[in-house]
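Asker: Per this note's numbering, the very first residue in the sequence shown carries number 1; after that it's consecutive.
Worth flagging that the hints you see were computed from the coordinates, not collected in a lab.
Mixed in with the good hints, there may be bad ones.
The calculated DSS-like cross-link candidates involving lysine-lysine, where the alpha carbons are at most 30 angstroms apart (straight line), are [to be verified]: (1) Lys224 / Lys285; (2) Lys224 / Lys71; (3) Lys285 / Lys71.
Taking CB as the label site, the calculated pair distances span [said to hold, decoys possible]: (4) Lys224 / Pro39: 41 to 47 angstroms; (5) Ala25 / Leu281: 38 to 44 angstroms; (6) Glu149 / Val99: 28 to 34 angstroms; (7) Ala62 / Leu231: 56 to 62 angstroms; (8) Gly182 / Leu33: 44 to 50 angstroms; (9) Ala154 / Pro58: 41 to 47 angstroms; (10) Gln191 / Ala25: 31 to 37 angstroms.
The structure presented is a predicted model; accordingly, all values stated were derived computationally and were not measured.
Backbone N, C-alpha and C define an ideal beta-carbon position, used for all residues, glycine too.
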Amino acid sequence: MTDAQRPAVRGEHQPLVPSGFDWLAFCIVAAGLVMLYGPAYIELARTVWATDEQGHGPIILAVSAWLIFRKRHDVAALPGVPAQFAGWSLLVLSLFLCVVGLSQDIIMFSISSQIGVIASLFLLFRGWRALRILWFPLFFMIFMIPLPEALVAAVTGPLKSAVSAVASNLLYSLGYPVGRSGVVMTVGPYQLLVADACAGLNSMFTLEALGMLYMNLMNYTNAKRNIALALLLVPTAFVANIVRVMILVLVTYHFGDEAGQGFVHGFAGMVLFMVALILMLVLDKILGLFLPAQRRAAQ
Numbered sequence: 001m002t003d004a005q006r007p008a009v010r011g012e013h014q015p016l017v018p019s020g021f022d023w024l025a026f027c028i029v030a031a032g033l034v035m036l037y038g039p040a041y042i043e044l045a046r047t048v049w050a051t052d053e054q055g056h057g058p059i060i061l062a063v064s065a066w067l068i069f070r071k072r073h074d075v076a077a078l079p080g081v082p083a084q085f086a087g088w089s090l091l092v093l094s095l096f097l098c099v100v101g102l103s104q105d106i107i108m109f110s111i112s113s114q115i116g117v118i119a120s121l122f123l124l125f126r127g128w129r130a131l132r133i134l135w136f137p138l139f140f141m142i143f144m145i146p147l148p149e150a151l152v153a154a155v156t157g158p159l160k161s162a163v164s165a166v167a168s169n170l171l172y173s174l175g176y177p178v179g180r181s182g183v184v185m186t187v188g189p190y191q192l193l194v195a196d197a198c199a200g201l202n203s204m205f206t207l208e209a210l211g212m213l214y215m216n217l218m219n220y221t222n223a224k225r226n227i228a229l230a231l232l233l234v235p236t237a238f239v240a241n242i243v244r245v246m247i248l249v250l251v252t253y254h255f256g257d258e259a260g261q262g263f264v265h266g267f268a269g270m271v272l273f274m275v276a277l278i279l280m281l282v283l284d285k286i287l288g289l290f291l292p293a294q295r296r297a298a299q
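Input sequences plus hints: build the corresponding full structure.
Answerer: Now the structure itself:
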């Protein structure tokens, strides 16, 4: 095996660009992707990604690109065994989905088709082994796809009601003058509306993505442990949302409405992820008592 084909070992100096990198092919493919999906991303930046509910999209895209970049030497070391039929079939289907999405203004179709296009390119250039290496970055891109508004509305309503009910009951039991009517909470002279960003489906979707990324970076290979942790992230996100709402209510009660709706409101979003991360780490340790932490050997 030559040096160019040998997989890189952790701790060994790696060049930024793999040996024998085809810059011409890369530039052509990159230009094609920019022309095809650039308008869709501009539209996302002006609409969906500009909201609190789905502002995680650019972060997911950046992390996915970084995860693919991390595996560049592993993919470059593979022998070129293209999967022509599967690659071209997937490319045609993905481009058709993209055309439908762009022509019918269905952003979910146009963005999700990008995953198939990228996967097909790896199939055409490197074959199935490349997909086995890059399956997680491609899967992770699913979390940046805007969720259908009908699904968000159907799930977010009950979630907001549940979060506001639990938060108000906990605060009332602690002695605070808290009342609730639907998703409107009253504390002292103030009224607070539990918004979608505070307790909706999108926040759970984002926290699930955070958990998936954690498991991948930890190189866990125990399927039972991964599935258990992924399922436990749903109630974890629910608890984190309750903590966020309680913090906003307490800040509003003690410091006024301007404090609750100002900087602290944005900071409460950071608290949401910090609480979720802490709970996730605790759950991971607890699962470790019952399920061994089998890890993939680092290369």
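Asker: Which hints, by number, does the structure contradict?
Answerer: Hint check: 6, 7, 9, 10 fail, others pass.
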